[in-house]
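These protein sequence lines are chains X and F, in that order.
Under numbering that gives the first Met the number 0, the final residue of the first sequence carries the number 535; numbering is consecutive throughout.
Under numbering that gives the first Met the number 0, the final residue of the second sequence carries the number 275; numbering is consecutive throughout.
One should not assume that every hint holds.
What the hints assert, rightly or not - Here are the in silico distance ranges between beta carbons for each label pair:
#1 Arg-111/F <-> Arg-198/X: 30 to 38 Å
#2 Leu-78/F <-> Ser-43/X: 50 to 58 Å
#3 Ala-115/F <-> Glu-500/X: 45 to 53 Å
#4 Gly-237/X <-> Asn-164/F: 40 to 48 Å
#5 Gln-407/X <-> Phe-7/F: 21 to 29 Å
#6 Phe-371/X <-> Val-105/F: 27 to 35 Å
#7 Val-3/F <-> Leu-79/X: 51 to 59 Å
#8 Arg-111/F <-> Ser-352/X: 24 to 32 Å
#9 Pro-413/X <-> Leu-20/F: 39 to 47 Å
#10 Lys-204/X <-> Val-3/F: 51 to 59 Å
#11 Pro-376/X <-> Leu-20/F: 27 to 35 Å
#12 Ser-43/X <-> Ala-115/F: 32 to 40 Å
#13 His-421/X <-> Leu-20/F: 28 to 36 Å
Treat the hints as calculated values from the structure; they're not laboratory data.
We treat Cβ as the ideally placed atom computed from N, Cα and C, and that holds for glycine.
So the chains spell out like this:
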Amino acid sequence: MTGPVLTLDRLGVRLPPGADRSHALQDVSLAIQPGEILCVVGESGSGKSMTANAVMRLLPVGVAIDGGRVLFEGRDLAVLPEAEMRAVRGAGVAMIFQEPMTALNPLRTIGDQIGEMFGIHADLPRQQVATRVRALLEEVRIPDPERAARAYPHELSGGQRQRAMIAMALALDPRVLIADEPTTALDVTTQAQILALIRDLQRRKGTGVLFITHDFGVVAEIADRVAVMQHGRVVEEGPAAEILQRPQHPYTRQLIAAVPPLRAPPPRPLAEDAVLTIRNLSKTYRTGGFLGRGARVTHAVRDVSLRLPRGGTLGIVGESGSGKSTLARCIVRLIDPDQGSVELGGADLAHLSRAEMRRQTRHIQMVFQDPFGSLNPRRRAGELVAQGPMVHGASRADAMARARALFQLVGLDPASVDRFPHEFSGGQRQRIGLARALALEPQVLVADEPVSALDVSVQAQVLALLADLRARLGISMVFITHDLRVAAQICDLVAVMKDGEVVEEGPVARVFGDPQHPYTRALLDSIPGRGFGAGA
Amino acid sequence: MQAVRGYFRSPPAVIGLVLLLLVIAMAATADWLFPRDPLSLAGRPLVWPFQNSRFWLGTDNSGRDIAAQIFHGARISLLIGLVATAIAILIGIVVGAVAGYYGGTVDTILMRVAEAFQTLPNFLLLLVLVVVFGSTLATVTIAIGIVSWPAPARLTRAEFLSLRNREFVQAGRTLGMRDIRLIFGEILPNALPPVIVYASVVMAVAILLESALAFLRLSDPNVASWGNLIGLGRDVLRVQWYVSAIPGIAILVTVLAVSLVGQGLNDALNPRLKGR
Chain X
0 MTGPVLTLDR LGVRLPPGAD RSHALQDVSL AIQPGEILCV VGESGSGKSM TANAVMRLLP
60 VGVAIDGGRV LFEGRDLAVL PEAEMRAVRG AGVAMIFQEP MTALNPLRTI GDQIGEMFGI
120 HADLPRQQVA TRVRALLEEV RIPDPERAAR AYPHELSGGQ RQRAMIAMAL ALDPRVLIAD
180 EPTTALDVTT QAQILALIRD LQRRKGTGVL FITHDFGVVA EIADRVAVMQ HGRVVEEGPA
240 AEILQRPQHP YTRQLIAAVP PLRAPPPRPL AEDAVLTIRN LSKTYRTGGF LGRGARVTHA
300 VRDVSLRLPR GGTLGIVGES GSGKSTLARC IVRLIDPDQG SVELGGADLA HLSRAEMRRQ
360 TRHIQMVFQD PFGSLNPRRR AGELVAQGPM VHGASRADAM ARARALFQLV GLDPASVDRF
420 PHEFSGGQRQ RIGLARALAL EPQVLVADEP VSALDVSVQA QVLALLADLR ARLGISMVFI
480 THDLRVAAQI CDLVAVMKDG EVVEEGPVAR VFGDPQHPYT RALLDSIPGR GFGAGA
Chain F
0 MQAVRGYFRS PPAVIGLVLL LLVIAMAATA DWLFPRDPLS LAGRPLVWPF QNSRFWLGTD
60 NSGRDIAAQI FHGARISLLI GLVATAIAIL IGIVVGAVAG YYGGTVDTIL MRVAEAFQTL
120 PNFLLLLVLV VVFGSTLATV TIAIGIVSWP APARLTRAEF LSLRNREFVQ AGRTLGMRDI
180 RLIFGEILPN ALPPVIVYAS VVMAVAILLE SALAFLRLSD PNVASWGNLI GLGRDVLRVQ
240 WYVSAIPGIA ILVTVLAVSL VGQGLNDALN PRLKGR
């Protein structure tokens with residue numbers, strides 16, 4: 000086979016009037032060779048997902064292709080009649096999505112949904128469909144394919160669901176596979192397995208893959224060629240090694256520089272005394288069951304003891320379900336722990352009454368993950384920051400003056416205190432959340448995945464801000480994250496959690512440089528593009 | 000601002016608003032256009048509409064001016080509608096907010112009480128209340144409010160259930176806010192839009208409930224309400240049907256106006272329907 004299997008030729012996609020720009024895509028030209036993985040990388044709003052949707056002609060209402068061609072098997076998909084387009088989707092060009100839970104129909108079994116592909120595009124007897132489905136599930140290496148075919152989506156884990164999605168996409172041996180952030184919702188160890196699976200299947204079948212991602216680590220792991228997108232245009236394209244090692248365009252350089260290296264910076268001196276001491280903390284959830292029989296017991300946090308030195312930053316890393324968020328919420332008493340103590344300045348937070356805890360909140364504050372959900376949409380930004388001091392007895396005028404000063408501190412325009420949260424960008428909102436937490440001048444800040452929802456360049460800015468504030472204000476931090484690169488950059492100490500337990504802890508350079516526990520080693524090995532960024 | 004523009008883009012919503020303003024104008028000008036007591040005798044009984052220029056909507060079976068009763072009745076209907084709705088929504092919001100925020104046993108108890116109210120037909124309960132406590136304007140209004148609270152309570156509870164676990168509520172807790180402040184200061188403003196929209200339904204039902212009571216002659220006989228007029232007209236329904244029909248149309252128009260306004264508000268405030 001010669002020549003590209005899918006070609007985008009000066010593709011343009013128009014946005015409805017009133018959007019923030021006139022075109023989602025402008026003059027996008029890409030070519031995918033058979034058996035090649037082309038990674039399209041960019042930040043949110045760069046048009047990378049729109050590229051995938053434009054190829055499949057799955058565009059939202061009001062958005063339309065208004066220029067250029069999409070060439071596939073000698074036909075222009077941009078102008079193909081809808082009926083012929085349906086025959087291309089799934090059979091010629093298949094797609095896998097970010098969130099397999101929502102992409103699968105919750106009311107039908109996995110086998111049924113994969114079998115449907117044959118029902119739509121090929122006329123096969125029922126018996127044959129069942130064998131093909133089993134073969135596919137075996138191919139994507141789902142444990143116990145027989146059972147998986149009969150399972151409903153919610154009965155499988157996230158990684159298994161994504162495998163099922165891949166099986167469905169590959170059912171009819173498409174020549175092109177479009178993968179839109181297929182591993183973003185997955186844990187790092189699962190992500191590594193899925194990436195390996197995609198790479199392996201694509202090699203064997205010679206499929207051309209258009210892989211959309213925001214993560215340069217994933218790019219380094221899987222890409223043959225890379226296209227970098229910004230504001231709906233391709234700013235740079237080339238072989239993966241070329242782009243990653245010698246980026247030409249300033250935007251590409253900026254993106255790559257923003258990827259935090261896995262190697263920890265030189266350790267900071269740590270104080271001897273502890274500001275926060277956690278002893279034998281446990282939290283168990285019991286669901287269902289009658290009179291103690293048949294109940295499901297989940298040990299969310301199991302006998303965790305940790306110590307945070309004054310002025311230090313303690314990272315808590317782990318995958319989803321490891322109990323790290325529950326631990327954070329137990330520390331600030333959003334959740335009441337079952338056992339153990341949390342000592343801060345002579346008080347045991349775990350055993351205070353509600354009223355006493357309310358008074359203690361001035362010493363320990365929390366920063367949340369979601370820059371959209373963590374700010375009340377009906378309050379002005381200044382008010383949000385001023386609320387804390389007002390709850391603790393400050394006058395409105397004083398609190399608002401303090402809010403303005405804090406806006407300055409976190410790098411926001413003090414004049415913007417009168418604006419509503421939705422008028423700020425994600426990074427700015429996270430700064431508002433930070434200002435709100437700092438307004439009470441706490442000794443300890445508990446940050447629950449504070450940069451996980453942000454684009455990589457914004458993430459770098461917020462991390463720099465956190466490091467700067469820590470140095471200037473002498474704040475101690477508990478930093479929850481699933482991203483080991485981020486942990487390496489900001490934390491002094493790190494604790495690795497698995498199934499509610501701390502399996503390993505110590506100075507970050509020691510834990511990441513010389514991991515003792517097999518799970519820590521597995522986590523580190525799974526980081527996509529491990530070598531990439533190490534030298535930066 | 001965007002919601003206001005969205006509202007005026009929908010023709011039914013604008014028609015509803017115009018009709019509602021018309022009813023309000025009737026209520027406002029009643030004293031000025033018909034300065035006499037609308038329940039005093041004005042002329043010969045059962046004059047057909049458009050026959051006597053003094054009574055352009057005619058007179059009822061005891062010779063009272065129907066037009067005067069319609070205009071003054073607009074006040075009563077709006078008053079009952081507004082006050083009963085306010086009572087129902089107020090009880091509903093407090094019960095729904097407390098049940099939704101605290102959950103658990105509190106929620107179970109409050110929702111069982113709401114169910115007890117809901118399983119009884121509204122109107123039967125209303126009849127019992129009015130029979131026991133008498134049928135003055137105040138008791139009728141309060142009784143209508145009391146039978147109408149469970150639905151707004153359930154709606155508020157549902158909103159609270161989804162909002163109480165949002166991070167901004169947790170952020171409020173970590174700032175040391177009291178529950179009262181979290182419920183009414185942080186969550187309620189976000190939960191309010193659907194409840195306000197539902198208030199229009201409650202108001203329409205309240206007006207209808209009062210009319211139904213009056214039709215059974217169980218409403219306050221000492222005020223000029225539309226329902227009372229329909230009740231009076233019942234005796235002469237087969238010949239002088241207009242005595243019942245005219246207030247009937249007034250009720251229809253008012254309820255329609257309130258419903259259209261509510262629907263319009265719903266479409267304008269609900270972002271999920273945008274662009275449809």
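Each hint, compared with the structure:
1. Distance hint check: the CB atoms of Arg-111/F and Arg-198/X are about 58 Å apart, inconsistent with the given range 30 to 38 Å.
2. Checking the proposed 50 to 58 Å range against Leu-78/F and Ser-43/X shows it holds: the Cβ atoms sit about 53 Å from each other.
3. Checking the proposed 45 to 53 Å range against Ala-115/F and Glu-500/X shows it holds: the Cβ atoms sit about 48 Å from each other.
4. The given range of 40 to 48 Å is respected by Gly-237/X and Asn-164/F, whose C-beta atoms sit roughly 46 Å from each other.
5. For the pair Gln-407/X and Phe-7/F, the supplied restraint of 21 to 29 Å is violated, since their beta-carbon distance comes to about 41 Å.
6. A beta carbon spacing of about 30 Å between Phe-371/X and Val-105/F agrees with the range 27 to 35 Å that was offered as a hint.
7. Distance hint check: the CB atoms of Val-3/F and Leu-79/X are about 43 Å apart, inconsistent with the given range 51 to 59 Å.
8. The given range of 24 to 32 Å is respected by Arg-111/F and Ser-352/X, whose C-beta atoms sit roughly 30 Å from each other.
9. Distance hint for Pro-413/X and Leu-20/F: a CB-CB separation of about 44 Å, consistent with the stated range 39 to 47 Å.
10. Against the hinted window of 51 to 59 Å, the Cβ-Cβ separation of Lys-204/X and Val-3/F comes to about 56 Å, which satisfies the hint.
11. For Pro-376/X and Leu-20/F, the Cβ-Cβ distance of about 31 Å falls inside the hinted range of 27 to 35 Å, so the restraint holds.
12. Restraint check, Ser-43/X to Ala-115/F: a C-beta distance of roughly 50 Å breaks the suggested window 32 to 40 Å.
13. Between His-421/X and Leu-20/F the C-beta distance comes to about 33 Å, which sits within the given range of 28 to 36 Å.
Hints 1, 5, 7 and 12 from the list above are not met by this structure, while the remaining hints are.
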